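S.K.: Protein chains in written order, with my numbering: chain A, 1 to 243; chain B, 1001 to 1269; chain C, 2001 to 2589.
I should point out that these hints are in silico values taken from the structure, not numbers from a laboratory. No experiment lies behind these values; they were computed from the predicted model shown. Backbone N, C-alpha and C define an ideal beta-carbon position, used for all residues, glycine too. Treat the hints with care, as some may be off.
[To be verified] Derived list of chain A stretches under chain C, where covered just means 3 residues or more per stretch with a C-beta under 8 Å from a C-beta of chain C:
#	region
1	130 to 141
2	155 to 162
3	167 to 175
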Amino acid sequence: MNRQQVFVSVLAITVLVCCGSLLLNKTVSAAGEGKITGTVKLDGEAPHMKPIDMSKDPYCVKANPTPQKFQNVVAGSGGGLENVVLYISDGLSNPTESTAVQVFDQKNCMYSPHVLAMDIGQTFKVQTSDQTAHNIHPNPNPMTGNIPWNQSQPPGAPPVEKSWKATEFIEVKCNIHPWMHGWFAVVKGPYAVTDENGNFTIQNVPPGSYTVSAWQEVYGTQTAKVTVAAGGSAKADFTFKAK
Amino acid sequence: MSSKIFAVLVIVIALASAVPIIHHSFLGATVAPPQDISTHGYEIDKQMDETMLEAGLSFLAAQLVLGFFVWQFGGRKDGVLKNFPGGAKYLVLAAVLLVGAEVIALGAMGTKAWAKVYFDKPSADAMPVQVQAGQFAFYFHYPGPDGKFGTIHPEKIDEGSGNYFGLADDDPAAKDDIQSGEFVIPVNREIHLMMHGKDVGHSFYVRELRIQQDFVPGIDLSMHFTATKIGRYEIVCTQLCGLGHYNMKAYLNVMSQEDFDKWLKSQAG
Amino acid sequence: MPEQAVHVHQAPTGFIRKYVFSLDHKIIGLQYYALAFVAVFTGMVLSWLMRIHLVWPNAPIPGLGLLSKTGAPGGIVTPEYYLQLMTMHGTLMVFFVLTNAPFAAFGNYFLPIQIGAEDMAFPRFNMMSFWTTFIAFCVLVSAFFVGDGPPLSGWTAYAPLSAVGGDPGPGQAVGQTLWGLSIFIFCIASLLGSLNFIATTLDLRTKGMTLSRMPIVSWAWFITSCIALLAFAVLLPACLLLILDRVAGTSFFVPSGLNISDHMQPHQGGSPLLWQHLFWFFGHPEVYIAILPAIGIVSHILICNMRKDMLSHKVLVYCMMAIGFLSYMVWGHHMFLSGMNPFSALVFSFPTLVITIPATIMTLIWLGSLYGSNLRINSASLFCLGFISMFVSGGVSGFFLAQPSIDIYLHATYFVVGHFHMVMGVAAIMGVFAGTYFWFPKMTGRMMNETLGKWHFFLTFIGTYAIFMPFHYLGLAGNVRRYSAFTDDYLVPLVPVHKFITFAALFTGAAQLIFIFNLFYSRFKGAPAPANPWECTSLEWSTPSSPPPFDNFGGKHPVVYHDPYQYGVKSSTGDYLMQTSPEQAGQTP
């Protein structure tokens, strides 16, 4: 089978499974899948994020009339912390697999989103919206079973489709534009990433008692215990202390 | 017939090849070194011009003689064989003496130009700047008001958060250091550039400055130069370093002393 | 004294022993030629892809996506794939074309015949060197089909880029290891080959064939094999150390404290400069391994076609020796800006400039010898004249690069690319073309088509100048080499020049189709060749048949009576006297 055929069949299966899970979701949700919501906040003053010096590539300078800032810690008004990954680290026996194909875009010489969370084996697409070549270089720990890769994407090149085999927080960078720095957060089971106000919702959680983990690239991981009732909504808030 | 074609061809090619060299232009593109903005560059330019003259004349002479002899003797049948007047001896002698003299003259003159770049020591009041090359960017490190560079810790380098040189939080010398992706310098001030390679081999090349030097991982080298003209110039990498080699560059921004001081202040803030 | 009869060696009859695992130096020579032929056209296609990408960076190239899905997604060449193509182009051309074609291919075929031997000194070694070279070729090409493709570190494979595994880029994992392995194997083959050449030259010369009676091209092969013996003997361990750094965790070429793409490297204590020294200690003599046989071939063919000896072909031999000797003292001129002690730059610069002297002597002897000659114009002699023109053009640009002060500006620019392509690439290939047109009748028994040959020459001559002369202009403008795209502000205006070069490259490459056609057409349909079509004096033209029988001289050992180039004399054969003719030369008219 050549690549195209594989692609088409993967696509077909993906669509089927998506439709199937949509149908299932309806029934299962009715039968009792709940969700976990909450807010992640930063206690204290957010560290100063320097503006990014993109002077090496005039294309990037032009694409960002107001300079971008580094995104290691992005705190919204009211102390909400963005880009925190929430996932169930303990208590889940048979997680349903997430199958939606997510997009990791290279736009204006930045990664969008900065953190892309995904399930094990979940396909994601890396694409470029820029008129300058990028290379995508994730650096997983090979001991986990995730295999590192490094591949360029010139303007107009087709998207790269990939997935990861094991849970890991994988740094990804562009060597051509070394400030471009993001994360692939590979987790098992349902997950969520906080929005600019620090809010999140983990959908499709079967009833039960769980340990929920919140991971932030600078501040590390915090956990909380929650119990989700059938069809109900549990709440878990986290606070990271600014260093 | 073929001999005449060859003779004409070789002469036409030789003359045509010389035209862009003399006119500094080919197909509308400027094909000559840009104006020199350094204090040492004129020696290199002079050496280049001398060599161009001598090499160019040798080139033209050899091609024209080749064309002429082939025109004259190519395709000749049963002519009386003649030997070049004087035979091999005089040709060897001429080559040894003429080229030998040229070699010694150019070698000696070139040494002067080379010495200006490599043997003169930077003056004591030269402004020190560190440059680090890594895949695929140059970064510049200014010591700040204390005049001391923070120590480079390769394992602490984090380009994703702006710590290009891996400076440590607890290093007092690093507190006021400035890390920049642009090489900003004051005009007419000698710069002492200390070069550090982060990963693989790279090179630092500024055409207008007549400066090129490799970064050698594991060996910290240094260069010194003075830029004499305000402007923005490109610094490019000339040592094959990987897929982003073609896009490994930075800008050299030569400013007046006042503008430079302003820039330093804005960076410190 | 008449030729001596010796016992006749029976030629093998089976296909495998005759054409595949043959011990016959002539078949092995042809095998080398065929390998170089495949390599040169592969390399040429790679250069086309590179040239096309440089001027139409976003144009998908049909079919390329199938060769590499990650390197050329949808046929669009990525920056890394450009460098991978470039690395393979350089490696194929330098090792498998320029080392093989003028030296191993023609040398194998004609050195034993020219000195009157039945075969090489060690026929089994000879077979082994070819098949080892073939394995090296297969290992190299296999890099196209592994993981993320061939290495991207260039044919010079500078450490640490080449020595630390996959962190610094695609192709640097398996691909780079295969590259090191391939060159390692190639070194073994070349060492075996050059030993064989030396032993053959020294031990198997026939009666009367003193060293001074050897044709100049045999001298060239002999000197080249001496150079190759010393040069490859250094590259061999260097490659071994490189492979050890990569697979065994040693640190010969990698210093401590390297952070490559956020990975701290586990190495410590090595020196990247060590690789450069070892590589260029081989690398510079390698240039002469490519060019000296071509110099020999061209001189040999020119003498025959001028119908008179060079003013002094012995001076040419001395010049080749001088160049060979000097070639070991100049490797540092590749490293003026590498960070080695700046004093040593001056030390390396001087012998480099001194090489100009023997090179100038050779040029003057060629030019001076053309004067007053009855120069016959045919495809072979035209390629010789083209060689001289290219040798001069490529030589004078060397005068710039030999000077460290000028090198500050021109180092790593297209000026360098233009220089070595002209003097080492085009000139040497012109020597190979000349040799092909000249010896084809002897190798196949048929003549090549002269009209096609002349068209081939003129189009190639114009085309190569159109490609490589503008490289020098680009260099003067500071255009850096090994860039897969021109994004810098000062490079964008130079793109029209690159377009011109790309068109010239496509044109010149297409002109080679004439040669390929001529080669195959003449092989089967060419006019039958007389025994000595060019009326030459050397021994290869006194074999009883074309191609020569298995033992070259049909069970006889020829006896040599004269210096190699008895032209312009009165004899029973006309204006020349074969080396094997016992007749005494008449007067030089």
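S.K.: Each of the hints needs a verdict: does it hold here or not?
M.R.: A quick look at each hint next to the structure:
Three residues within the 8 Å Cβ limit are the bar, and the region 130 to 141 of chain A against chain C gives 5, so the coverage statement holds. Only residues whose beta carbon comes within less than 8 Å of a beta carbon in chain C count, and the region 155 to 162 of chain A has 5; three or more means the coverage holds. For a cut-off of 8 Å, the count of residues in the region 167 to 175 of chain A with a CB near a CB of chain C stands at 3, and the three-residue condition holds.
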